[in-house]
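*Asks:* Sequence:
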Amino acid sequence: MIAAAQRLADAAWFQNLVVTVIIFNAIVLGIETYDGAVDRWGDALHAVDTLFLWFFVVELVIRITAAGFRLDRFLRGGWNVFDTIVVVASLAPGLPSDSTALRVVRLLRVTRLLRLFPDLRVLLDGLRRAAPPAMSLVALTFLLVYLYAIVGWTIFHDSVPQYFGNLGESMLTLFTLLTIEGWNSILETLREASPWAIPYVLSFILVGTFVVLNLVIGVVITSLDEAYGAVRREKEGPELADSIDAVRQALDDLEHRISSTPGDPRLLTRD
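All the letters of the sequence shown, read from the start, carry residue numbers 1 to 271 under my numbering.
Hints in this document: simulated from the structure, not taken from any laboratory. Among the clues, some could well be false.
Unchecked claim - For each label pair, taking beta carbons as the anchor points, the in silico distance ranges come out as:
no. : residue 1 : residue 2 : range
1   : Gly78     : Ile221    : 50 to 60 Å
2   : Leu71     : Asp10     : 39 to 49 Å
3   : Asp10     : Ala37     : 29 to 39 Å
4   : Ala3      : Ala89     : 44 to 54 Å
5   : Asn16     : Leu254    : 45 to 55 Å
6   : Ala250    : Ile85     : 41 to 51 Å
7   : Asp225    : Gly182    : 29 to 39 Å
No experiment lies behind these values; they were computed from the predicted model shown. Using N, Cα and C, we set each Cβ at its ideal position, and we do this for glycine too.
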């Protein structure tokens, strides 16, 4: 039974079926956002969603069976924990069918596509690897915004209070400049107030956008490269292990022949 469950869980057609059901589940969730569709096909949509739910329950049971009915072993994987929480939460009693909590849980089923597509998993792993250095860059960006906000308040708080009336407004304006959205209109307003507007705004955009944000992009690209490298090493691992075993076996055979063959070493080459 366990072996059959393992074959079924690993079968390509079964994985494709799961992907198809998740996609149709997403389509149903989208249809339910239209009031006319709910009024017309509400019962049918609810029945289809219930069918999807029980499909995911059966799929989860199959995967637990493939793990030998050992929940401790099955729940070692983070995605397995996520799938289990989503299915169990969908079965929680007392939740109305139109409740926000249940809608969120149903929406989480769609995110399971991330687990089923290897490339998406690599991207997520790359983002996870990028998180620690990226947080340092976020702290650097926050410090840069804070310093420029104090300087901007000092220069513009009397003349342009809508942008630099206090620390909060100043930081919000600078975060807007970081997005390069409407920076020219802000610059024109500040130029009317002070001649320091041009060096202030342009220096912040150059440092904050073209330096700090490019560093973030570089960190993410490096982390993605490391993630893809880890996947390649994982795939090459079994082949490398087989090669090492073959070399060890050849060395053992050679050692045995040396120890069991007396006299002329040329006799070693007869075989």
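*Asks:* Run every hint past the structure and note whether it holds.
*Replies:* Okay, the hints, checked on the actual structure:
1. Between Gly78 and Ile221 the beta carbon distance is about 24 Å. The supplied range of 50 to 60 Å is therefore violated.
2. About 19 Å separates the C-beta atoms of Leu71 and Asp10, a value inconsistent with the hinted range of 39 to 49 Å.
3. The given range of 29 to 39 Å is respected by Asp10 and Ala37, whose C-beta atoms sit roughly 37 Å from each other.
4. In this structure the supplied range 44 to 54 Å is violated for Ala3 paired with Ala89, their Cβ-Cβ distance being about 31 Å.
5. Asn16 and Leu254 have their C-beta atoms about 48 Å apart, which keeps the hinted 45 to 55 Å range intact.
6. Range check, Ala250 to Ile85: about 50 Å between beta-carbon atoms, so the 41 to 51 Å window is met.
7. A hinted range of 29 to 39 Å holds for the C-beta pair Asp225 and Gly182, which are about 35 Å apart.
Violated hints, in rising order: 1, 2 and 4; the structure is consistent with all others.
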